[in-house]
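Asker: Read off the chains here:
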Amino acid sequence: MELLQISKKELLEFVGTLVSGPLDVFGVVAHDGRFAYDKLDSAANLRLDFDETLYSPKQYLFPPKDPVLSYTPGDAASCAPVYAEKDQAIIGVHPGDMAAIAMLDKAFTENKIDAHYCTRREKTTLVGIYPTKPGKYRFTSSMIKPEEPYLAADAFLIDMGDDSYTIEIVTDRGKEFFSASAAKPATADGKAKAEKMKTAVKDTVTLKIKREDLPPFLDGKERHPVWETRGAKCFSCGSCVTVCPTCYCFDMLDELDLSFDYGLRFRTWDACVLEPFAVCAGGHNFRTKAADRIRHRLYRKQKYLLEKLGLAGCVGCGRCKTACVPDIAFPPDIDDDLLRKEAHHV
Amino acid sequence: MCEGCGCHEHESIYMPEPLTVVQTHPMTERDRFFEFKLNGKDLGHKPGQFAEISIPGIGEAPISVSSSPTKKGSFEMVIRKVGKVTAAFHDLKPGDTLGVRGPFGTHFPMDEFKGKDLLFFGAGIGLVPLRSAINYALDNRSDYGKIFLLCGFTDISQRLFIDEMESWKKNPSLEFLETIDRGSPQWKGNTGVITTLIPKIKDRLSPRNTKAFIVGPPVMYKFVILELRNMGFRDADVIVSLERRMKCGVGKCGHCQIDGVYVCQEGPVFTLDGIAHLVEAL
Amino acid sequence: MKPKVAFFDFACCEGCQLQVANLEEDILGLVNLVDVVEFREVLTGSAPEYDVSFIEGSITRPEDEARLRDIRSRSKVLVSYGACAATGGVNKIKNLWGNIDKVKKEVYDKDAAMPHLETYPTKAVHEVVKVDYFVHGCPITRSEFLKVVKALVFGTTPDIPQYPVCVECKMLGNECMYDKGGVCLGPVTRAGCNAICPSNNVSCEGCRGAVPNPNNNAMHEVLAKYKLSVDDIKRQFTMYALDPEVGK
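Residue numbers (our numbering), protein chains in the order written: chain A, -2 to 343; chain B, 9 to 290; chain C, 61 to 308.
Don't read these hints as lab results, they were simulated from the structure. None of these values were measured; they are calculated from a predicted model. Glycine residues also receive a C-beta, built at the ideal position from the N, C-alpha and C atoms. Take the hints with a grain of salt, since some may be wrong.
[Stated by the list, open to error] Calculated cross-link-like contacts (lysine-lysine; reagent style DSBU-like; alpha-carbon spacing at most 35 Å):
{"no.": "1", "chain 1": "C", "residue 1": "K285", "chain 2": "B", "residue 2": "K92"}
{"no.": "2", "chain 1": "A", "residue 1": "K109", "chain 2": "B", "residue 2": "K49"}
{"no.": "3", "chain 1": "C", "residue 1": "K285", "chain 2": "A", "residue 2": "K130"}
{"no.": "4", "chain 1": "C", "residue 1": "K62", "chain 2": "B", "residue 2": "K92"}
{"no.": "5", "chain 1": "C", "residue 1": "K62", "chain 2": "A", "residue 2": "K218"}
{"no.": "6", "chain 1": "B", "residue 1": "K89", "chain 2": "A", "residue 2": "K5"}
{"no.": "7", "chain 1": "B", "residue 1": "K230", "chain 2": "A", "residue 2": "K133"}
{"no.": "8", "chain 1": "A", "residue 1": "K109", "chain 2": "C", "residue 2": "K207"}
{"no.": "9", "chain 1": "A", "residue 1": "K286", "chain 2": "C", "residue 2": "K285"}
{"no.": "10", "chain 1": "B", "residue 1": "K89", "chain 2": "C", "residue 2": "K287"}
{"no.": "11", "chain 1": "B", "residue 1": "K45", "chain 2": "A", "residue 2": "K230"}
{"no.": "12", "chain 1": "B", "residue 1": "K196", "chain 2": "A", "residue 2": "K230"}
{"no.": "13", "chain 1": "C", "residue 1": "K240", "chain 2": "A", "residue 2": "K230"}
{"no.": "14", "chain 1": "C", "residue 1": "K287", "chain 2": "B", "residue 2": "K92"}
{"no.": "15", "chain 1": "A", "residue 1": "K62", "chain 2": "B", "residue 2": "K196"}
{"no.": "16", "chain 1": "B", "residue 1": "K177", "chain 2": "B", "residue 2": "K196"}
{"no.": "17", "chain 1": "C", "residue 1": "K240", "chain 2": "A", "residue 2": "K195"}
{"no.": "18", "chain 1": "C", "residue 1": "K136", "chain 2": "A", "residue 2": "K230"}
{"no.": "19", "chain 1": "A", "residue 1": "K230", "chain 2": "C", "residue 2": "K294"}
{"no.": "20", "chain 1": "C", "residue 1": "K136", "chain 2": "A", "residue 2": "K133"}
{"no.": "21", "chain 1": "A", "residue 1": "K109", "chain 2": "B", "residue 2": "K210"}
{"no.": "22", "chain 1": "A", "residue 1": "K286", "chain 2": "C", "residue 2": "K287"}
{"no.": "23", "chain 1": "B", "residue 1": "K79", "chain 2": "A", "residue 2": "K62"}
{"no.": "24", "chain 1": "A", "residue 1": "K305", "chain 2": "B", "residue 2": "K230"}
{"no.": "25", "chain 1": "A", "residue 1": "K109", "chain 2": "B", "residue 2": "K177"}
{"no.": "26", "chain 1": "A", "residue 1": "K133", "chain 2": "C", "residue 2": "K240"}
{"no.": "27", "chain 1": "C", "residue 1": "K183", "chain 2": "B", "residue 2": "K92"}
{"no.": "28", "chain 1": "A", "residue 1": "K103", "chain 2": "B", "residue 2": "K49"}
{"no.": "29", "chain 1": "A", "residue 1": "K218", "chain 2": "A", "residue 2": "K207"}
{"no.": "30", "chain 1": "A", "residue 1": "K109", "chain 2": "B", "residue 2": "K196"}
{"no.": "31", "chain 1": "C", "residue 1": "K207", "chain 2": "A", "residue 2": "K230"}
{"no.": "32", "chain 1": "C", "residue 1": "K207", "chain 2": "B", "residue 2": "K101"}
{"no.": "33", "chain 1": "C", "residue 1": "K240", "chain 2": "A", "residue 2": "K286"}
{"no.": "34", "chain 1": "B", "residue 1": "K101", "chain 2": "C", "residue 2": "K240"}
[To be verified] Just so you have them, the derived chain B footprint on chain A, three or more residues with Cβ under 8 Å:
{"no.": "35", "stretch": "19 to 25"}
{"no.": "36", "stretch": "31 to 42"}
{"no.": "37", "stretch": "137 to 145"}
{"no.": "38", "stretch": "236 to 250"}
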């Protein structure tokens, strides 16, 4: 991997030129004392020293309401696919969120290829950043392997603790992206230090079970009392899912323009914890109880997606812990309950 | 991931093809029969598969194909009016167009069952997808041993394919029995749930050489399965088709999952031994 | 032929019909789709029958019931729109007093016995006649109103969200009101408003009524955790008749 170095000032200047160019540039900005991704209108707003953002960057690859077809209402022959058109870059993606994007890539390309996702993805440059501060509830290193973020990233930034970043160039796209910047080849000393700086900030939370042991750990715990206990407090509000960087379940929705001349079919975010999620034609709900729905969510996070895609459905960002008002959604807490109650049973 | 892989050049998996209504007639108050045709080709389905049918501006719904692939030039569906999309289908007239994607999902592996006896349980609207396998077997009659067809409906007003059931009843190459849960003065046939038909054919069944098919409302499966297991059927010889909310049909949207299994990909047709470990299946 | 549409109001502030009258550029699109035959605040005129009637306001007097039944009998489709019509809204606060004479005395004092001030416990529209569709909110959300109109004109049924406000709030990228130290009824309130209040830093007060199966026990627990007194919780849940059990 090619390593470059760039001063913080030079990086900001570079982002400044990007922002004034044709590219849509997204990055992290301060937001009411917290941090959030937003479209950058000035490089000065970009923050790379954030602990954790309110929401993940998945919204730029898998928007909450994304048109997939346009049509004349009632005329099936008029249907035409709608694809993203703008090039974009996302600057400042933590390794966990980057691994989540790698998982989304897999989900939308395995078996049947989703050209809507791929078109937008193809137009996206992803620049990661290793965290400079611990996240309040982060346990990413329990959930992802160090190489997985590199399945998605075009480049990674490493804050060197002085006034510079080291840039790991991962793909040709990443190389091309930074070619217009003032970045220079990294020195041998810089390379050694960068490797150390990548792991300088430790996780706040450690999962007691290894990632590969999670699927067998969860086997047979489908009827464990923890689901009822936590389900009793669940609002079925979908917050744990909306903030999750890997959740990608969706619904389809048709909308007409008031003129009735044209309409769009949208793909909209959905959530398995919402009550109507598993309702079938005829009204039968295959997951009536909140307990069943939160179990399904946790199994998807820690077992099903790992088995299906080989990548974790939870990347340990801790956002669900913050987002869940009754605080029942955090996977490490649920695993602890499962462990504790198990010991108790024996 | 996407550099030069060309994956964005694939056709949209959400893009429907135009479909034309050939004919349609009501079967019950809420079920309507449709014959559809594609522009100059067959749907290319196998028995038990489904397709996503849509009207642009209203929405899309997964519907089972009811005709056997042996029927060429057109295919058939029975659509129950259960929501806004299916209600809109009921307003369609011959010559109207709509959209179709598919066929999707697994099928009844009829070729693998050659030489076997076949035992079909079709309850209510479950008869609709099952009919594709029944007619496939009847169109390839010499490939199979004995055929038993047991149908059940909640009451006389819910009976589907009345003329076809009459022809099955008269057809000497299969044994057909029908029951309704709640009898009425006009009904002279069997009454009771579908499992009450089993004793009437039991002495002629060879559980070790028979493939049993079950399609019906969610509540029915465990009762039929219990009876079959008691008779000595192995789970590998019991085939079920399970209904779930298959919104996208292409294994992405997540609605149809049973545990971690996407029904639109690994189902809707399953062998019982393939789903025994799933807590949400039955 | 364009469907004949009429707007009627009962006990309310008429703020919802104002939302319709204020559709701005969309009003032209709307009148291209439908023929508005009766709308007291906007035009004069009436019609013997309606394809769609929109009913605003609560039913609070015997003569309201008779008028509403008459409208229903002349309407193919009836839509209850706005919180007062759809749930009873703030008008239902008086029902919590138990005794209607006490209410009249409190509000009208010495005039309480005057015949034109006769009133009885508030009813939502669907508690008197069959309602085909609802548009929730105090006031209604214009985009949702248009969605319902478009669906009805196109001959289909509108999708009204069955999930809580949190879904829309999170999709907009808002910071949770609880995170900011506030309280909010978003978790038990039906979405469709595009989370307009929390998006503007105001807590959800439940004006759209409850989701189909609200977890009210958990909501009470959460509010208590955030140091709300029993009376405050009761006030939160009764302002828009969100939980009819609270206050009984």
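Asker: Each of the hints needs a verdict: does it hold here or not?
Answerer: So, going through the hints one by one against the coordinates:
For the suggested pair K285 of chain C and K92 of chain B, the alpha carbons sit about 42 Å apart, so the restraint of at most 35 Å is broken. About 23 Å separates the Cα atoms of K109 of chain A and K49 of chain B, which keeps this hinted pair within 35 Å; it holds. A C-alpha spacing of about 30 Å is found between K285 of chain C and K130 of chain A, which places the hinted pair at or below 35 Å, so the restraint holds. As the CA atoms of K62 of chain C and K92 of chain B are separated by approximately 21 Å, the hinted pair is consistent with the 35 Å bound.
Straight-line distance between C-alpha atoms of K62 of chain C and K218 of chain A comes to about 58 Å, which puts the hinted pair past the 35 Å bound. Between the alpha carbons of K89 of chain B and K5 of chain A the distance comes to roughly 63 Å, so the proposed pair goes past 35 Å and is violated. For the hint linking K230 of chain B to K133 of chain A, the alpha-carbon distance of about 47 Å lies beyond 35 Å, and the restraint is violated. About 33 Å separates the Cα atoms of K109 of chain A and K207 of chain C, which keeps this hinted pair within 35 Å; it holds.
About 24 Å separates the Cα atoms of K286 of chain A and K285 of chain C, which keeps this hinted pair within 35 Å; it holds. Distance restraint check for K89 of chain B and K287 of chain C: the Cα-Cα separation of roughly 49 Å exceeds the 35 Å cut-off, and the hinted pair is therefore not satisfied. Simply put, K45 of chain B and K230 of chain A have alpha-carbon atoms about 51 Å apart, too far for the 35 Å limit, and the pair is violated. Our distance criterion of 35 Å between C-alpha atoms is broken by K196 of chain B and K230 of chain A, whose separation comes to about 53 Å.
Simply put, K240 of chain C and K230 of chain A have alpha-carbon atoms about 21 Å apart, close enough for the 35 Å limit, and the pair holds. Annotation: proposed proximity of K287 of chain C to K92 of chain B is violated, straight-line Cα distance about 44 Å (limit 35 Å). With a C-alpha separation of about 55 Å, the suggested pair K62 of chain A and K196 of chain B falls outside the 35 Å cut-off, and the hint is violated. Taking the CA atoms of K177 of chain B and K196 of chain B, the gap is near 14 Å; set against the 35 Å cutoff, the hint holds.
The straight-line distance between the Cα atoms of K240 of chain C and K195 of chain A is roughly 32 Å, inside the 35 Å bound, and the hint therefore holds. The suggested pairing of K136 of chain C with K230 of chain A is violated, with an alpha-carbon distance near 42 Å, which exceeds 35 Å. Under the criterion of a C-alpha separation no larger than 35 Å, the hint pairing K230 of chain A with K294 of chain C is consistent with the structure, at around 19 Å. Restraint check for K136 of chain C and K133 of chain A: the C-alpha separation of about 57 Å exceeds 35 Å, so the hint is violated.
Between K109 of chain A and K210 of chain B the alpha-carbon distance is near 44 Å, which puts this suggested pair outside the 35 Å criterion. A threshold of 35 Å between alpha carbons decides the hint, and for K286 of chain A with K287 of chain C the separation of about 29 Å falls inside it, so the pair holds. Restraint check for K79 of chain B and K62 of chain A: the C-alpha separation of about 40 Å exceeds 35 Å, so the hint is violated. The straight-line distance between the Cα atoms of K305 of chain A and K230 of chain B is roughly 28 Å, inside the 35 Å bound, and the hint therefore holds.
For the given pair, K109 of chain A sits about 43 Å from K177 of chain B by alpha-carbon distance, which is inconsistent with the 35 Å threshold. Restraint check for K133 of chain A and K240 of chain C: the C-alpha separation of about 16 Å stays at or below 35 Å, so the hint holds. The hinted pair formed by K183 of chain C and K92 of chain B meets the criterion: a straight-line CA distance of about 29 Å does not exceed 35 Å. A hinted pair counts as satisfied when its Cα atoms are at most 35 Å apart, and K103 of chain A with K49 of chain B qualifies at roughly 33 Å.
Restraint check for K218 of chain A and K207 of chain A: satisfied, since their Cα atoms lie roughly 17 Å apart, inside the 35 Å limit. Of the pairs offered as hints, the one joining K109 of chain A and K196 of chain B is violated, with about 51 Å between alpha carbons and a cut-off of 35 Å exceeded. Distance hint between K207 of chain C and K230 of chain A is fulfilled; the C-alpha atoms sit about 33 Å from each other, no more than 35 Å. In summary, the hint linking K207 of chain C to K101 of chain B is supported, as the alpha carbons are separated by about 26 Å, within the 35 Å threshold.
Of the supplied pair hints, the one linking K240 of chain C and K286 of chain A holds, its CA atoms being roughly 30 Å apart against a limit of 35 Å. The hinted pair formed by K101 of chain B and K240 of chain C fails the criterion: a straight-line CA distance of about 56 Å is larger than 35 Å. Coverage of the stretch 19 to 25 of chain A by chain B is violated [criterion: at least 3 residues with CB-CB distance below 8 Å; count 0]. With 0 residues having a beta carbon nearer than 8 Å to a beta carbon of chain B, the stretch 31 to 42 of chain A misses the requirement of three or more and the stated coverage is violated.
For the stretch 137 to 145 of chain A, the assignment as covered by chain B is violated, since 0 residues bring a beta-carbon within under 8 Å of that chain's beta-carbons and 3 are needed. By the rule of at least three residues with a Cβ nearer than 8 Å to a Cβ of chain B, the coverage given for the stretch 236 to 250 of chain A holds, with 6 such residues.
Consistency with the previously given hints fails for numbers 1, 5, 6, 7, 10, 11, 12, 14, 15, 18, 20, 21, 23, 25, 30, 34, 35, 36 and 37, ordered from lowest to highest.
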